[in-house]
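Order-wise, the sequence lines are chains A and B.
The number in the working numbering is simply the position in the first sequence, starting from 1, with 12 added.
The number in the working numbering is simply the position in the second sequence, starting from 1, with 12 added.
Some hints here could point you the wrong way.
Identical copies carry no separate label here, and so any pair may be met within one copy or between two of them.
What the hints assert, rightly or not - Below, a list of computed lysine-lysine pairs in the DSS-like style, where the Cα atoms sit at most 27 Å apart: (1) 260 with 245; (2) 267 with 199; (3) 199 with 211; (4) 26 with 43; (5) 211 with 74; (6) 211 with 43; (7) 126 with 267; (8) 74 with 245; (9) 271 with 126; (10) 26 with 245; (11) 260 with 26; (12) 271 with 199; (13) 26 with 211; (14) 152 with 126; (15) 176 with 126; (16) 245 with 199; (17) 74 with 152; (18) 152 with 121; (19) 199 with 126.
What the hints contain is simulated information worked out from the structure, not anything from laboratory work.
Each chain is listed here by its residues.
Protein chains: 2
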Amino acid sequence: MRELNQMTITDATKESFSNRTNERFAFLIDKLIEHLHDYAREVNLTHAEWMTALNFLYDCGKISTPERHEFILLSDVLGLSALVDMINTQGGGTPGSNLGPFYLDNAPKFALGKHLADGREGVVILVNGQVRNTMGQPIKGAVIDTWQADGEGMYPIQDPRQDKWDLRGIFQTDDQGRYYYTTVLPKSYTVPYDGPVGKLLTAADRHAWRTKHLHFILRAPGMRAITTEVFFKGDEYLDSDAVFGVRKSLIAEAKRVPKDANLEFDLEHRPDARVDFDFVLSPARA
Amino acid sequence: MRELNQMTITDATKESFSNRTNERFAFLIDKLIEHLHDYAREVNLTHAEWMTALNFLYDCGKISTPERHEFILLSDVLGLSALVDMINTQGGGTPGSNLGPFYLDNAPKFALGKHLADGREGVVILVNGQVRNTMGQPIKGAVIDTWQADGEGMYPIQDPRQDKWDLRGIFQTDDQGRYYYTTVLPKSYTVPYDGPVGKLLTAADRHAWRTKHLHFILRAPGMRAITTEVFFKGDEYLDSDAVFGVRKSLIAEAKRVPKDANLEFDLEHRPDARVDFDFVLSPARA
Numbered sequence: 013m014r015e016l017n018q019m020t021i022t023d024a025t026k027e028s029f030s031n032r033t034n035e036r037f038a039f040l041i042d043k044l045i046e047h048l049h050d051y052a053r054e055v056n057l058t059h060a061e062w063m064t065a066l067n068f069l070y071d072c073g074k075i076s077t078p079e080r081h082e083f084i085l086l087s088d089v090l091g092l093s094a095l096v097d098m099i100n101t102q103g104g105g106t107p108g109s110n111l112g113p114f115y116l117d118n119a120p121k122f123a124l125g126k127h128l129a130d131g132r133e134g135v136v137i138l139v140n141g142q143v144r145n146t147m148g149q150p151i152k153g154a155v156i157d158t159w160q161a162d163g164e165g166m167y168p169i170q171d172p173r174q175d176k177w178d179l180r181g182i183f184q185t186d187d188q189g190r191y192y193y194t195t196v197l198p199k200s201y202t203v204p205y206d207g208p209v210g211k212l213l214t215a216a217d218r219h220a221w222r223t224k225h226l227h228f229i230l231r232a233p234g235m236r237a238i239t240t241e242v243f244f245k246g247d248e249y250l251d252s253d254a255v256f257g258v259r260k261s262l263i264a265e266a267k268r269v270p271k272d273a274n275l276e277f278d279l280e281h282r283p284d285a286r287v288d289f290d291f292v293l294s295p296a297r298a
Numbered sequence: 013m014r015e016l017n018q019m020t021i022t023d024a025t026k027e028s029f030s031n032r033t034n035e036r037f038a039f040l041i042d043k044l045i046e047h048l049h050d051y052a053r054e055v056n057l058t059h060a061e062w063m064t065a066l067n068f069l070y071d072c073g074k075i076s077t078p079e080r081h082e083f084i085l086l087s088d089v090l091g092l093s094a095l096v097d098m099i100n101t102q103g104g105g106t107p108g109s110n111l112g113p114f115y116l117d118n119a120p121k122f123a124l125g126k127h128l129a130d131g132r133e134g135v136v137i138l139v140n141g142q143v144r145n146t147m148g149q150p151i152k153g154a155v156i157d158t159w160q161a162d163g164e165g166m167y168p169i170q171d172p173r174q175d176k177w178d179l180r181g182i183f184q185t186d187d188q189g190r191y192y193y194t195t196v197l198p199k200s201y202t203v204p205y206d207g208p209v210g211k212l213l214t215a216a217d218r219h220a221w222r223t224k225h226l227h228f229i230l231r232a233p234g235m236r237a238i239t240t241e242v243f244f245k246g247d248e249y250l251d252s253d254a255v256f257g258v259r260k261s262l263i264a265e266a267k268r269v270p271k272d273a274n275l276e277f278d279l280e281h282r283p284d285a286r287v288d289f290d291f292v293l294s295p296a297r298a
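Looking at chain A on its own, in the form it has when it is part of the complex (with noise of 0.2 Å):
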C-alpha cells in the first residue's frame, strides 16, 4: 500500500474523489483541498486549534434558520462575499456588491415618483439617475428592485409589527431610461453579532456597523444583471463597512433641495436632498 504522509495526503485526498466527469466540480474540490491542506501545514494548526474551527462551524449551523444565514455573515465578514461580487462584475458595468440577508422576491410594483416611505420619520430623499448600457445609450424599461434599511437602521422584515413588504419597490425605467422615487435616508446598522461571527468579531477587536446603503437588483433584457448596493458620501463607516460592500463608484451623495427648487419628476412627495446615481448595465454572456 502507499504510504501516507503530510506531502502525499494531499494528492491522495484529490485522487480519493474520483469523479472526473465534472470537470468544474473536480477542479473546485482539487483546489479546496490544496489551500486546505496548504493552509494547515502552513500555521502547523494544532488539534486544539482544529476542534474550537470546527466547533465554530458547527455553533454557526446551530444559529442558522431560514431567515438567518450565519455562514453568509462569516463570508461576509471575511471579505469572502465582496470578493465573489468583484470577480463577478464585469468590466465597464457598475460594479456588483453584496446582496445581504434582507432581500424579497416580488416586491410591489410601481409607477416612477412613488414615495416608498408613506408616514416614517427621516430624511426624505428623491433617489434617481440613468441606467445605460456600456456604450452609454439608456436602457428603457430596466427593471430596478430596492430594498432599504429604515431611518433608524432597521429593515421592516426584522420587526414582526410591521409589514415586511414596507421600504422595497420595483421600478422600470422610463423612455429616457431614467428611474426616481422618493424614500427616506437609511441609517447604518450592525450586523448580527449576538452569534459565532459576532464572537469572532468581539475577539478581533472589530465593530460590526454596515455603512448606510440602499440596496438594488437591476436587471434589462440582454444585459447581465446586477446586484449592488449605494453608499453615502460623509458616512463614518465608508471606509470600514463590515462586510466590505463599499466602492468608490458606488458613493452617491444626498444634496440638500432648496425649498423653492423646480424638481424636474412628477412625484408624490417633496424630497429635503436628492441622489443622484447612474447605473451601467454590460451585455450578457452569449
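Use these hints to put chain B onto chain A, whose structure you have.
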C-alpha cells in the same frame, strides 16, 4: 477613502481583524483570509458556486447534533483530520490517527487479561504488545484507553439496545510495559452518509468505508499522549480508508493461534488469533 479591488481586499480584510495582542490568533486569521481569497481568485468562484458552498455548510449544521458532528466528518473526508494528526505526530513516536466520533471519557478500568467482548459473536483476538519510550525502554503503568466496533461493524453506542460502555476499557501496562486483553475482531463500517457529506461522497463517486480498526489513546507521565488506531493487514479498504487514517506503521496482523499453543498471558478467554502491536511514546514538550 481606499478603493477595494480583487487584490487589495485581502489586506483590507486582514487589517480589519485589528486585535494583534494574540499573535497566534492574528496569524491563523491572516493565513485563513489569504488562502480563502486565493482560492476564490484561483477558481474564479461564481455566485452560484459560492452559494452552493455556503448552503452545504448550512446543511452540515442542520444535521449536526451533540452526537453527530458533520463538520468533523467533513474534515475527515477532506483529509484534513489526518493531516492535523500527521502535523502533530512527534518524531520517533507511534503516529497519531483519527479520534473519530465514538470516544467516551471514563471507560471502565480493567485488569490485564480481561475479555472485552463477553457473549459477542466473532473471531476472538488477543491484543497485546509493549509500550516503550523513544529510547526503547518499557513504560510501566502507561494508560491504554481502547474502544472499537463489534464483529458487525457497529459501535455499541450507536445501538440504543446495547450498553454504550461495551467494547471499551482502560488498562495499565505491567512492570515490563506490556498490555494484553482479548476482544472480537472489529468489522469495517461506513461513515454516516445520509447527510451533506454523504452527498459529497456520492457526487465524487467515493465509497464511505472505513478499514477495520481498533482505537487507542495512550498516556504516561512525562510523555506526549497519543490518539491513534491500529489497522489489520489484508483488509480491502486499507488503501482507500474514507478518512485517510492508515499509516503503514499502524498496520498489525491478526495471526491464527493454534488450538494447542501455549500463551504467555493469563487470559479470561482463549483467543482464535493474536494481534501483536507495540506503541512508542515520545517525551512531552517542555
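Hint-by-hint comparison with the structure:
no.	hint	in the structure
1	260 with 245	within (10 Å within a copy, 63 Å between copies)
2	267 with 199	within (16 Å within a copy, 74 Å between copies)
3	199 with 211	within (24 Å within a copy, 42 Å between copies)
4	26 with 43	both (9 Å within a copy, 22 Å between copies)
5	211 with 74	both (14 Å within a copy, 21 Å between copies)
6	211 with 43	between (29 Å within a copy, 19 Å between copies)
7	126 with 267	within (20 Å within a copy, 84 Å between copies)
8	74 with 245	neither (38 Å within a copy, 41 Å between copies)
9	271 with 126	within (20 Å within a copy, 93 Å between copies)
10	26 with 245	between (48 Å within a copy, 25 Å between copies)
11	260 with 26	between (40 Å within a copy, 20 Å between copies)
12	271 with 199	within (23 Å within a copy, 84 Å between copies)
13	26 with 211	between (34 Å within a copy, 17 Å between copies)
14	152 with 126	within (18 Å within a copy, 84 Å between copies)
15	176 with 126	within (18 Å within a copy, 66 Å between copies)
16	245 with 199	within (13 Å within a copy, 66 Å between copies)
17	74 with 152	neither (46 Å within a copy, 45 Å between copies)
18	152 with 121	within (16 Å within a copy, 80 Å between copies)
19	199 with 126	within (21 Å within a copy, 70 Å between copies)
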